[in-house]
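Novice: Since the structure of chain A is provided, determine the placement of chain B with the ligands on it from the hints.
Listed here are the chains, written in short residue letters.
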Amino acid sequence: MFISGFIYILGETLKGLYRNRWMCITSTGVVMVTLLMLGLFMLVNLNVRHITEAVKEQVEMVVYINEEADRAAVEELGRKILGHREVARVEYVSSEEHMGRLQQQLGGMLEGYDSALDNPLLASFEVRTEDPEAVVRLADEFEAYPGVAAVFYGQGYVENLFEVTRVVQVIGLALMVGLAVTAVFLISHTIKLTVMMRKREITIMKYVGATNWFIRWPFLLEGLLMGLVGAALPLGILNYLYGSSIEWVDVNELMFINLLPLQTVMAELAIYLVPLGTGLGILGSMLSMGRFLRV
Amino acid sequence: MVEAKNLCMKYGKGKQLALENVNFFIDRGEFAFFVGSSGAGKSTLLKLIIREIKPTEGVIKVFNRDVGRLPRHRLPYLRRNIGMVFQDFRLMEERSVYDNVAFAMIVTGSSRREVKRRVPHVLNLVGLQDKAKAKITDLSGGEQQRVGLARAIANRPAMIIADEPTGNLDPGTALDIMNLLRSINLRGTTVLVATHNRDIVDRFRKRVLYLENGKLVGDEQKGIYTNVH
Ligand SMILES: Nc1ncnc2c1ncn2[C@@H]1O[C@H](COP(=O)(O)OP(=O)(O)OP(=O)(O)O)[C@@H](O)[C@H]1O
Ligand SMILES: [Mg+2]
Numbered sequence: 043m044f045i046s047g048f049i050y051i052l053g054e055t056l057k058g059l060y061r062n063r064w065m066c067i068t069s070t071g072v073v074m075v076t077l078l079m080l081g082l083f084m085l086v087n088l089n090v091r092h093i094t095e096a097v098k099e100q101v102e103m104v105v106y107i108n109e110e111a112d113r114a115a116v117e118e119l120g121r122k123i124l125g126h127r128e129v130a131r132v133e134y135v136s137s138e139e140h141m142g143r144l145q146q147q148l149g150g151m152l153e154g155y156d157s158a159l160d161n162p163l164l165a166s167f168e169v170r171t172e173d174p175e176a177v178v179r180l181a182d183e184f185e186a187y188p189g190v191a192a193v194f195y196g197q198g199y200v201e202n203l204f205e206v207t208r209v210v211q212v213i214g215l216a217l218m219v220g221l222a223v224t225a226v227f228l229i230s231h232t233i234k235l236t237v238m239m240r241k242r243e244i245t246i247m248k249y250v251g252a253t254n255w256f257i258r259w260p261f262l263l264e265g266l267l268m269g270l271v272g273a274a275l276p277l278g279i280l281n282y283l284y285g286s287s288i289e290w291v292d293v294n295e296l297m298f299i300n301l302l303p304l305q306t307v308m309a310e311l312a313i314y315l316v317p318l319g320t321g322l323g324i325l326g327s328m329l330s331m332g333r334f335l336r337v
Numbered sequence: 761m762v763e764a765k766n767l768c769m770k771y772g773k774g775k776q777l778a779l780e781n782v783n784f785f786i787d788r789g790e791f792a793f794f795v796g797s798s799g800a801g802k803s804t805l806l807k808l809i810i811r812e813i814k815p816t817e818g819v820i821k822v823f824n825r826d827v828g829r830l831p832r833h834r835l836p837y838l839r840r841n842i843g844m845v846f847q848d849f850r851l852m853e854e855r856s857v858y859d860n861v862a863f864a865m866i867v868t869g870s871s872r873r874e875v876k877r878r879v880p881h882v883l884n885l886v887g888l889q890d891k892a893k894a895k896i897t898d899l900s901g902g903e904q905q906r907v908g909l910a911r912a913i914a915n916r917p918a919m920i921i922a923d924e925p926t927g928n929l930d931p932g933t934a935l936d937i938m939n940l941l942r943s944i945n946l947r948g949t950t951v952l953v954a955t956h957n958r959d960i961v962d963r964f965r966k967r968v969l970y971l972e973n974g975k976l977v978g979d980e981q982k983g984i985y986t987n988v989h
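Sequence lines, in order, name chains A and B.
Whatever position you read off the first sequence (first residue = 1), add 42 for the numbering used here.
Whatever position you read off the second sequence (first residue = 1), add 760 for the numbering used here.
FYI, nobody ran anything at the bench for these hints, they're computed from the structure.
Be a bit skeptical, because a hint or two may be false.
[Claimed, not checked] Covered by chain A, per the in silico footprint, the following chain B stretches (three or more residues, Cβ under 8 Å):
| id | stretch |
| --- | --- |
| 1 | 832–841 |
| 2 | 865–871 |
[Unchecked claim] Partner residues are not named here, just some residues of chain A that face chain B (Cβ under 7 Å, in silico):
| id | residue |
| --- | --- |
| 3 | S46 |
| 4 | G47 |
| 5 | Y50 |
| 6 | M247 |
| 7 | Y249 |
| 8 | V250 |
| 9 | A252 |
| 10 | T253 |
| 11 | F256 |
| 12 | V337 |
Heads up, the beta-carbon is just placed ideally off N, CA and C, and yes, glycines get one too.
This is chain A alone, in the form it adopts within the complex:
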């Protein structure tokens, strides 16, 4: 095909988009909302996964032992916890060790305090589970074991993290599917309108011997462009939002929220959003290709 053909197709595409601009903006807008949602959802998901990984690295659960428990009871408890099939590793930390760690963390502040005489800290088992999500359930179970004073697992934090992600996942997915279908429908409707407006040109093209592809390219491109713009804008918005979040976390020194770096996340998002956007656009165009667009 010659340059003139390319220029023609591009010109027709842009003309079609312009003549039909309100419908185009609407369709592109729905693609945008869909992908913006998907993007946000992915952002949350990626980071939750990342944070969970980090949580996994740390001690997940601390089972404090009753002061009254004797040596045999402590050993029995340790065996029981280690014997649980969802537990990966157990480590005993004595009250002296706890005090040592505390003194290290606090630096010189406890100087002169004779820990050997009066140690208020409880001995504990530090437990690592196979699956971080099992922590909540296991904590309840272990709490009932004899000799257990209390169980801690970054209470609420882990619990809420999983709860929230799951709810977001279900609602988000349903919404996105609905929006995606709407987007495809709107795109195909928009293109059908352009086809109607260009009825005469298309008829002439068929008579003078234009190929199917030549007739269809402008409409395919129209859908593709709507999808592409619908993907690019959310990427821009998410880039800004996520960048700000990172900054906010940084400024507020919320070190425990260990966010993924901006570039990593944006690259991951682009891998999904751009093909998805163009996919929705092309699907919309394909659905609009009726018999009329055949030679």
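Specialist: Below, chain B with the ligands alone, put in the same frame as chain A:
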């Protein structure tokens, strides 16, 4: 060039035959009129030639190819060799004369340079060299049909098919258009014209194929409109 063998066309089940057992052969370089009253099947025949429709039975051959069995992807190349002219002109009315002619070339893959060279040439042939920039809606009916002719010959087709090209024109203008078709024919292009215009048919003394209720009832060299049976 165009050959029909036992050609039949039925638009749907239970409908009457629009064409019934039509046989003819038109040679390269001929000028032929298809005449007959309204509903006789003239347009149907022309549509079969460009494969706008497929024959129900029989064979229609164009450029020695059975167009009824031509694969779809070959259709554009068949149509590039046939220039179509219509009663209602079928032009892009909001665009210029030049654009209308150039359009036919661009969408069939001509280069810019070819378009630039060819369009003024064909506009010159139809006498519209001074109207290249005019919008179609600013032209008279006769001028619009000249644009239609210019567009039809832009891709150098081997054949021109015109369905009632003078149907919307006054007698003088109609004669101009028909004379243009004749001059195109004299340059070697085959020309097929479906028409009701008795005056022109009688004046031209070209081949006349007479259709009646879907049947070919007359086929004469140097015929006249009424000289059948
Ligand atoms: N698309 C169609 N669907 C159904 N019947 C059709 C269709 N096109 C034409 N016909 C029928 O086929 C017959 C032949 O029609 P055609 O248009 O070929 O006649 P014509 O000779 O061109 O007439 P006119 O001089 O009025 O243009 C008519 O009876 C017409 O009603
Ligand atoms: Mg007709």
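Novice: Evaluate each hint against the coordinates.
Specialist: Against the structure, the hints come out as follows:
1. 832–841: As far as the stretch 832–841 of chain B goes, the hint holds, because 9 residues have Cβ atoms under 8 Å from chain A.
2. 865–871: Held - the stretch 865–871 of chain B has 6 residues with a Cβ nearer than 8 Å to chain A, which meets the minimum of three.
3. S46: holds (4 Å)
4. G47: This hint holds: A:G47 lies near chain B, its Cβ roughly 6 Å from the closest one there, short of 7 Å.
5. Y50: Holds, about 5 Å.
6. M247: holds (5 Å)
7. Y249: Nearest chain B Cβ about 5 Å off; hint holds.
8. V250: holds (4 Å)
9. A252: Given a least distance of 4 Å, the restraint on A:A252 holds.
10. T253: holds (5 Å)
11. F256: holds (6 Å)
12. V337: holds (5 Å)
In terms of the numbered hints stated before, the structure departs from none.
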